[in-house]
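Asker: Below are the chains, spelled out letter by letter.
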Amino acid sequence: MRQVLYKILFAFSLGLILPQIVFAAQISFDAKTTQAQVGKNFEVTLFVNTEQENLNAFEGKVTFPNALLDLKEIRDGNTIVNFWIEKPKAQDNAIIFSGVTPGGFNGSSGLIFSAIFEAKKEGVAKFEVNDARILRNDGIGSTAVLSITPFEMVISKGAQVEIPAIQKIEDREQPELFMPEIARDKSISDGEWFIAFVTQDKVSGIDHYEIKESRQKILTFFSRWRVAESPYILQDQELRSYIFIKAVDKAGNERIAEILPQNPLRWYENYENWIILIVIAVIFASGAKKILWRKRGARI
Amino acid sequence: MSKYLLFATVLFGVLGAYFVVSAVSVNVSADVQSLCGNGNIDSGEQCDGSNLNGKTCSTQGFSAGTLSCNSNCTFNTSACTSGGGGGGGGGGGYTAPAETAAVFSGRAYPKSTVTLLKDAQIAATAIAGSDSTFSMKLSGLSGGNYIFAVYSEDSKGIRSSLLTFPVSVTSGATSYVSGIFIAPTIAVDKSEVKRGDNIAIFGQSVPNGEITVAVSSEEEFFGKTIADQNGIYLYNFDTVQLDMGQHFTKSKAARDGAISSFSKAISFAVGTKNVAAGLPAKCPAKADLNSDCKVNLVDFSIAAYWYKRTISAEFVVKDGERLNGDGKVDLVDFSIMAYYWTG
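As you go down the protein sequences, you meet chains S and H in turn. Residue -12 in the numbering used here sits at position 6 of the first sequence; the count goes up by one each step and never skips. Numbers in the numbering used here are just positions in the second sequence, counted from 1, shifted up by 18.
Hint data in this document are derived by calculation from the structure and do not stem from the laboratory. One or more hints might be untrue.
Unchecked claim - Okay, derived cross-link-like pairs now, DSS-like style, lysine-lysine, Cα gap no bigger than 25 Å in a straight line: (1) Lys346(H) to Lys43(S); (2) Lys282(H) to Lys208(H); (3) Lys312(H) to Lys268(H); (4) Lys174(H) to Lys129(H); (5) Lys69(S) to Lys282(H); (6) Lys69(S) to Lys346(H); (7) Lys232(S) to Lys54(S); (8) Lys102(S) to Lys14(S); (9) Lys69(S) to Lys108(S); (10) Lys271(S) to Lys228(S); (11) Lys232(S) to Lys199(S); (12) Lys300(H) to Lys168(S); (13) Lys270(H) to Lys129(H); (14) Lys277(S) to Lys232(S); (15) Lys326(H) to Lys43(S); (16) Lys228(S) to Lys136(H); (17) Lys291(H) to Lys326(H); (18) Lys129(H) to Lys168(S); (19) Lys168(S) to Lys312(H); (20) Lys69(S) to Lys326(H); (21) Lys71(S) to Lys346(H); (22) Lys232(S) to Lys270(H); (23) Lys326(H) to Lys71(S); (24) Lys346(H) to Lys168(S); (25) Lys304(H) to Lys168(S).
Construct the complete structure from the given sequences, taking the supplied hints into account.
Answerer: Have a look at this one:
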């Protein structure tokens, strides 16, 4: 009798849980093979299946056995995430990520990022996603029901099966055109002007951004690029400088966006102009001097 | 003496001309940015749109191919072909891929402005025709996955919900995204309606479109109406069938076999009195952190600045008014921002 009761309770609980599992968004891994060879690289990709829901925010922590694997590279060139709050990066033997897709994403195989690992020694490498959170595109950020499928990679010394080589990315394209925006807000650095920027590179992904500011345009050539993140508090709060933002992709291709000064220097405030004036004056003076010397010589 | 005078005149003339040129050059460089895209070759431009200034791949040092223009008005030689090497059975030429582009077409509202976002940033705008159809082409893309989104504003300035669609763009080809159907706009005439009175639910969609209005209660009620030639629709809903309390309504449109998604849901209360409602605000209800009526990269940057930091007293107010008001900036706040995004 008790067994029958347990069975009924079990069936009832299953009935409550199953619909949630069926309609839960899924985070899963994918790789070309489940077998790897010691000393060789392999790629694991993290996907989301939204199960017909419109989802707009994704975060989590991908864990992997550090003793077996060496993380070589993270690729996010073709991600569905438009803005990274935390770009996928290695931290505490895991890869953390957090980002949003404005307007939401609804699809069965949304690529979040992929990672390339080198197998260090034999064993079974288990990939999991911890602290994962995916939010609905509903205006209140409600949490979507989520199911996560872990992934295992068997690492051996000799190749049991043919392991496909990782596709080498040949990126000859610059990052996409972008338009940085200068703004200020009382809540940021006491209302100081800042610049916001972002762009994409569909092939290898953006590696980093660099910035330089200069009130002189020609002499900007000699000033140094600094690595920067958006939002960047501008050094020239009078907005009299040319601002150059350089986006560099993971293959080293660059795209530079130039912002003209909002309050440009007057001609006499720009010492570039004075240098040019002096050079012209010197040329004229030396020319005049030569003419005078020739005429004086002719008289003598 | 007159020679010195002549020399001085020439010197000052040259210097004067330099000053004028240097003063003007600032304006010229500023103008260049705004002129790119007008179809004319202006100072500093190699080309503009389809205007290639008479140049071809061969004038640019290639042997064949198609020269095109980048969006920054410089030549795009990626579809130009270089000839192969010479003697000794030398190699063939490298043929770069043709233009990578995407064409978007669909329905919005008659004569409305349609905004296209590429990876959440405004990439193009177009004006829909009086039949509400629109089409726009986006060039200079790379091969890869993009998230495109469109929205429009009706004749009263009410913005539609953002319609997003992932598109995998093939390098060297033009992708066509057709059948885009922007959801109707929606508004109600009362924020609170006396139970048993009618509430007017109205908005704009395609001309002569069949509008389905849904009102949520314990059970959902549906009604249908036809939009007029300007796409304007009005549906009077009898609230006698609703319980007291808060309710939501939304609408979708159908025409020629195509159906839009549902509009944003807006709320109204069923109570004991009638309270008139204003038109929905033109500015986003939330997430507009710098109060410029847009939710875009700047707002994202402001929020990102406070991510995982103790927020300032100044930002606490914004968090309460425009985010979720939990005293911190985390993924939920960014999700709210992503929902209200305008680009």
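Asker: Each of the hints needs a verdict: does it hold here or not?
Answerer: Right, here's what the structure says about each hint:
1. Lys346(H) to Lys43(S): holds (20 Å)
2. Lys282(H) to Lys208(H): holds (17 Å)
3. Lys312(H) to Lys268(H): holds (23 Å)
4. Lys174(H) to Lys129(H): holds (12 Å)
5. Lys69(S) to Lys282(H): violated (31 Å)
6. Lys69(S) to Lys346(H): holds (20 Å)
7. Lys232(S) to Lys54(S): The given pair, whose Cα atoms are some 13 Å apart, holds under the 25 Å limit.
8. Lys102(S) to Lys14(S): Roughly 19 Å separates the two Cα atoms, so the pair holds.
9. Lys69(S) to Lys108(S): holds (23 Å)
10. Lys271(S) to Lys228(S): violated (47 Å)
11. Lys232(S) to Lys199(S): violated (28 Å)
12. Lys300(H) to Lys168(S): holds (23 Å)
13. Lys270(H) to Lys129(H): OK: Lys270(H) and Lys129(H) at ~19 Å, within 25 Å.
14. Lys277(S) to Lys232(S): violated (65 Å)
15. Lys326(H) to Lys43(S): It holds: about 16 Å lies between the C-alpha atoms, which stays within 25 Å.
16. Lys228(S) to Lys136(H): The hint holds at about 20 Å.
17. Lys291(H) to Lys326(H): violated (46 Å)
18. Lys129(H) to Lys168(S): violated (38 Å)
19. Lys168(S) to Lys312(H): holds (17 Å)
20. Lys69(S) to Lys326(H): Holds. Lys69(S) to Lys326(H) sits at ~14 Å (cutoff 25 Å).
21. Lys71(S) to Lys346(H): holds (23 Å)
22. Lys232(S) to Lys270(H): violated (44 Å)
23. Lys326(H) to Lys71(S): The given pair, whose Cα atoms are some 16 Å apart, holds under the 25 Å limit.
24. Lys346(H) to Lys168(S): holds (17 Å)
25. Lys304(H) to Lys168(S): holds (18 Å)
Hints 5, 10, 11, 14, 17, 18 and 22 from the list above are not met by this structure, while the remaining hints are.
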